[in-house]
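> Spelled out from the first residue to the last, the chains are:
2 protein chains.
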Amino acid sequence: MQEGQVRPGNVLKVDCFLNHQLDVDLLDKVGEEFYRIFKDDGINKILTIEASGIAIACMTARHFNVPVVFAKKAKSKNIDGEVYTSTVHSYTYGRDYDITLSKKFLSPSDKVLILDDFLANGKAMKGLLDVCAQAGATVGGIGICIEKGFQPGGAELRAAGYKLASLAIVDTMTDDQLTFREQ
Amino acid sequence: MQEGQVRPGNVLKVDCFLNHQLDVDLLDKVGEEFYRIFKDDGINKILTIEASGIAIACMTARHFNVPVVFAKKAKSKNIDGEVYTSTVHSYTYGRDYDITLSKKFLSPSDKVLILDDFLANGKAMKGLLDVCAQAGATVGGIGICIEKGFQPGGAELRAAGYKLASLAIVDTMTDDQLTFREQ
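For the record, the sequence lines run as chains A and B. With the numbering used here applied, the first sequence corresponds to residues 70 to 252, in that order. With the numbering used here applied, the second sequence corresponds to residues 70 to 252, in that order.
These are computed hints drawn from the structure, not numbers from a lab. Hints are supplied without guarantee of correctness; some may be wrong.
Same chains, same names: a pair is fine if it fits in one copy or spans any two.
Listed below are the simulated DSBU-like cross-link pairs for lysine-lysine, each with C-alpha atoms no more than 30 Å apart in a straight line [unchecked claim]: (1) Lys-108 / Lys-195; (2) Lys-172 / Lys-82; (3) Lys-180 / Lys-82.
With the rest of the complex left out, here is chain A (with noise of 0.2 Å):
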């Protein structure tokens, strides 16, 4: 409510602690809540897309004790042999790119976590999940930051049976008013 700034285009700017520059503290209470819900749900991955999503997964993972993996956007040399890939559109940088995540790190014993900072159309969330499909791997859950309510992702999410807590979901969006979704 203090520090978010909203821009044409239904953009809520959030960089000065949640996707630029990082809150640690904040980011590490974050994690104690997502740990709080999910805690009793068998998770042992916790599940990320980069680049902003790496700090959430990572404070969450403490509280875990479990490993996390994100999902790369650039196909790298160093990504090698079999990967899972999806392709996501992205409505912040206005293309398609293909997520990439190696085999290894994602299997049918695998019960994850999916975590991310925002949540609108959900076009990444249905690539990771596509993922996890492609892994056999059960998704135990998913936790976002900030949810945008009016945009479909979230109701899509939860009418498919997921899971799903959102830390904040914000109903509407003007120049100078966020208002938040009672809980």
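Since the structure of chain A is provided, determine the placement of chain B on it from the hints.
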């Protein structure tokens, strides 16, 4: 020594703990060690570059109780206003790219610890140092997880007078052996 794999083109693959899957317990120990080395250097901000650096930076920032800021590799429409930019050549990705950092997150009042997973030719580090110079920020130290001691980046930074700590320095790499420098 146990998990690193040598690949053609001087690639040292450590993706099972450092830059694809993340061993968060190890990263916490990495953070403790950087804190031990740099705790008396007046650091008030940790600077890194997406993506792998973010995990190391967050797990280190906990010990310093300072914010992290990470340079971005792609221009997003979420970054507006004034930014510092610098051009970096990536050997891993085989191309040049621009890094950007919002001016509001780095200023002459900052004394920065720069962290990254790898140091080889030092091209990304030069980009980060250039950004610090543009900002008028002081570089209090540079912390690296794995330095390739047979490539020139580390020697150049030490010759330039930076306080550089590399937790592991690989002096030689062959298909079946890594030799680490005594420190």
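> Is it within, between, both, or neither for Lys-180 and Lys-82, if the alpha carbons may be no more than 30 Å apart?
between (32 Å within a copy, 26 Å between copies)
> Using 30 Å as the alpha-carbon threshold, which applies to Lys-108 and Lys-195: within, between, both, or neither?
Classified as within: same-chain Cα gap 23 Å, cross-chain 42 Å, threshold 30 Å.
> 30 Å Cα cut-off: does Lys-172 pair with Lys-82 within a copy, between copies, both or neither?
Between copies, since 15 Å is at most 30 Å while 34 Å is not.
In summary, this structure violates none of the numbered hints.
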